[in-house]
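Trainee: These are the residues of each chain, in order.
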Amino acid sequence: MTIFDFYIFDRNGTCLCYAEWNRKKQSGISKDEEYKLMYGMLFSIKSFVNRISPTDIKDGFLNFKTSKYMLHFYETPSGLKLIMNTDLGAGSMRDVLHQIYSTIYVEYVVKNPLCELDKPILSELFKSKLDEFIRSLPVFASKVS
Amino acid sequence: MADEILFELLHMEIVGHLQRSSQKDEQDQCIAKLESIGFRIGQSLAERFTRDCSRFKDELDTMKFVCKDFWNTVYKKQIDNLRTNHQGVYVLQDNRFRFLTHISSGKQYMEAAPKYLALPCGMIRGALANLGVNCVVTAEVSTMPACKFQIQIQRG
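Going down the list, the sequences are from chains A and B. Per the working numbering, the first sequence runs over residues 1 to 145. Per the working numbering, the second sequence runs over residues 146 to 301.
The shape of chain B in the complex, shown without the other chains (with noise of 0.2 Å):
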């Protein structure tokens, strides 16, 4: 396995990159870019850690499939807290999340946030998609380096 310190640094410029090279009134569209280039490697790594599981019973499942699983050979740690409404909306809270510890313990750098969770959302996303459930990531922070991420199931 590669260091850990690879992706967070790529990850990084990434987020910098499309930052810089993006006119100033498309900062909205970084945003989605990232998340569909997460959305991408999403896809492809549940794939890879689903190779040799059985299929899920059911949604729940599938959810604690991305919990434990998916973000402890991602992130290596798994989600501190799951919550669910049972009617389609699920929360999952990261309460050190691998890409803010860094940045800050607190309110400062909070507007820069948003950036560098896109990806990770679109992760969940494509991750969920490629397991059979269509669904809408957002993400937020109150205090860094805790997140919480918003997974709402589309049926129909």
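Okay, chain A solo, but in the shape it has when bound (with noise of 0.2 Å):
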């Protein structure tokens, strides 16, 4: 089981903080690129689930499935999306997700003069705690199954 990246993007399409621990294969784009792209996915699978959802939507998207990785996703009422790539014995993170906005997120970002909302975060202090923390799921192995 384990974790292989993780994406931050706030409400306008910027993305804040990107961490890789375990991959195996880049996507053979740039970074600025690949955000986008990512964005952009998120942004349209959104609203076509809304859209087609055939009862009433109570959490919309959550994740999707291939054959080798699952991506999860999870957006806080102030349009921050958190999004982690997982393996597939890791199960539903979004608690994972939650904890990270609220503990890490919200500590070391929100309460840093410092840091402005808006733009890539600069702090080490989140990037470091952010690190120990995924580092100490028992989702998080170094070996991918």
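Keep in mind that the hints were calculated from the coordinates and are not lab data. Cβ atoms here follow ideal geometry from the backbone N, Cα and C, with glycine treated the same way. Check each hint, because a few of them may be wrong.
Unchecked claim - Here are the computed distance ranges between Cβ atoms for each label pair:
{"no.": "1", "chain 1": "B", "residue 1": "Q168", "chain 2": "A", "residue 2": "I29", "range": "41 to 47 Å"}
{"no.": "2", "chain 1": "A", "residue 1": "V49", "chain 2": "B", "residue 2": "M255", "range": "42 to 48 Å"}
{"no.": "3", "chain 1": "A", "residue 1": "F48", "chain 2": "B", "residue 2": "K222", "range": "48 to 54 Å"}
{"no.": "4", "chain 1": "A", "residue 1": "K31", "chain 2": "B", "residue 2": "Q168", "range": "58 to 64 Å"}
{"no.": "5", "chain 1": "A", "residue 1": "N22", "chain 2": "B", "residue 2": "S189", "range": "53 to 59 Å"}
{"no.": "6", "chain 1": "A", "residue 1": "D118", "chain 2": "B", "residue 2": "N217", "range": "33 to 39 Å"}
{"no.": "7", "chain 1": "A", "residue 1": "D59", "chain 2": "B", "residue 2": "A274", "range": "34 to 40 Å"}
{"no.": "8", "chain 1": "B", "residue 1": "E171", "chain 2": "A", "residue 2": "F48", "range": "50 to 56 Å"}
Got two chains here, each in a separate frame; can you build the complex from them with the hints?
Mentor: Structure, rendered in structure tokens:
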């Protein structure tokens, strides 16, 4: 069980944070293009899912799965989008993403007067706390299953 | 008691606002303004907190009050270390200063740290002034989030 990588986007589409741990294959395009692609795709999927839904919408888009990896999505009421790619043994990461938001993002970015909210996050403290947290999760291991 | 986050956010914004609304060559005035805001806050806080206490025996006692009760009420913790040379200079060391813990743990953002310590310095000076101790308070940071406040008593 492992975590491959992690993105945070704000409500305007700016990528505030990107971190990877065990990513074996790169996407072949530049990082900026990858972020734009990711954000655009999520925006479209979210609106598609809500539109086509045959019943009342509760949470909307949660995740998608392929035979090798799963992409988890969590959006906060303030429009911040947290995305995590894990392998298939991970289960629901919604609580993990929520915890990252409340204990790491809010503590070390929102409460940091030197971090501007709509610019990429430069605080090293945030990055080290995020890294520490991800590595401490039971889902994270260095061998790919 | 109101949530602690309110004080932290308000302080963050006061510092940010003073910085944004001052001209390029008036940066030092920002620190002075913050210190005088803190002075006034400290004066009133000292009145409020010592309502039920008896008079302090001596200067050292007043310092201990600052370290324990005052720090506890404002920052929800006590000072970690108090040193003195018994000649009017006291050094208060806080290893996890509330306003600095969320900024960095190490060397990043070091240049911005003094601005966030100006108001607390003023608070200490104001509280002590109202308790009858005139002094000069400065702060220094070597590694975040630990910081040292140096208090120099003015005599005569």
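Trainee: Okay, which hints does this one fail, numbers in order?
Mentor: Going through the list in order, the structure violates hints 4 and 7 and respects the others.
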